[in-house]
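Peer 1: Sequence:
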Amino acid sequence: MDHLFESEEYFGHEWEQAELLAEEAFDLYEKGQMRHAFEKMTEAVEKGPENGCWYFNMGLALDGMEQYEKAIFCYEKALELLADDIEVMNCLGVDYTRTAQYDRALTVFERMEQIDPLFEPAYCNRIITYTEMDQHEKAEQMFYLAQQIHSDCPLCFYNIGNSLFSRGAYERAIWCWEKTAEIDPSHPQIQYRLAQAYWVSGKGQQAHTAFLNEIRKNPADLDVLLDFGVFLLESGDIEAAKEKFNRILEFDPHFSAAQFYLGEVYRLRGRTEAAVQRYQQAMNSDGRMTGPRYRLAEILIRQGLNDRAKSLLWAEFKMDVPDLDVLVGMGAMFLQLDDSEGAAQCFLRALEMEHREPRAFRGLALALTLRGEYAGARQCLEQALRLNDDDAMTLLNAAWICARLEDWDAAKLFASRGQALCGGQEPYRTVCETIQRDIQRGQWSAFWRRFHLCR
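In our numbering, the protein residues as written are 1045 to 1499.
Hints are computed from structural coordinates only; laboratory data are not their basis.
There may be inaccurate statements among the hints.
Once the Cα atoms are required to be at most 16 Å apart in a straight line, the calculated EDC-like pairs of lysine to aspartate or glutamate come out as [said to hold, decoys possible]:
#, residue 1, residue 2
1, K1121, D1160
2, K1247, E1222
3, K1114, E1157
4, K1247, E1278
It should be emphasised that the depicted structure is a prediction, and the values quoted were computed from it without experimental measurement.
Let the sequences and hints guide you as you build the complete structure.
Peer 2: Here it is as structure tokens:
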């Protein structure tokens, strides 16, 4: 049954009016005027509330406006009138996935499979559901089942590519997305996905080409423009990156991420005042955005305005920073400000994100050292060295801590290893010499204490 804004023939004046409204809605839908289509369809439903197809059509219009919760209501209402209609069920299952109602989505897709085992979307759409649930083996099972029905489904390759990408299997994701592009060159955002995969795989030129291909198709897609700008910024093409961020602001002057990254452009160019202005604009546009306070705190520390910097760092921390590197950087700034509590909180949260992050263990050790908790600091440093045993500064930190604990043999061992790695380079050489003197003085002090006790 073809549902798209079609209906059965009704008799009577009310039904004729309802059908005319539904036809108008269809024309508006085809023109991409989703809100007006939905409004017309709502009028039609008011006159013909027993037409399940019209509820389905309302759901399609709401999907076009990305109002998925409301679309779900319409699809559920349609199914009350069109029991086990597989096309309605498919749209409902997709929207359940979009709104993170994964168990409901799976129930719908499994029911579709029971109704028609050869209905390929019942498997294809479960790929993305299982991917969102981090059940990637089941996602692959759905992919292979779908392949048996339709071996050239571009959406199947696209969806399994998302699963592979989220697992860090970038080369396999690239192969799948290239397959999608080969089957359906116009597939939505396929060049964008390829650009992202090429980017993280270190294939800069291919990423650049894919970004350009996507922007040629969708020049007003601000998310693509933003990612392209960040890619260019990381690639060192600062002027091109600046052009992309400015183009975003031409479309939307309050796009906070573009304002923030323009601040990054000015920071890299040494234009501190311009960078500060952009960071502040980003905060004003989106008070919940992470990043601007972190950068402003860096600038304030360089200017010696430590109290203001500390205030901004705590404000940033309370916003659930999602970036591991930023958390480690914030912890280091708290250490500069002698705020052991702020530093410890940042490094602990970093370890919640990645429990094998040696920088976080080392930073936590330094925070504990500020509190005089040397035994705990030593444990953290030893864990950092288990994860990365060739970091000279961590070895020297461990030597210093062991000296404070009067474990002279361990202190000498760590100092020797650290000195061998740093090769006499500054600032390591000076640190090594200081630690060696501390060890020597400490050993003599301990000797004399023992001597006096024995005597």
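Peer 1: A separate judgement is required for each hint: does it hold in the structure or not?
Peer 2: For each hint, the structure was consulted:
no.: 1; hint: K1121 x D1160; result: 22 Å, violated
no.: 2; hint: K1247 x E1222; result: 14 Å, holds
no.: 3; hint: K1114 x E1157; result: 25 Å, violated
no.: 4; hint: K1247 x E1278; result: 13 Å, holds
The earlier numbered hints that this structure contradicts are 1, 3.
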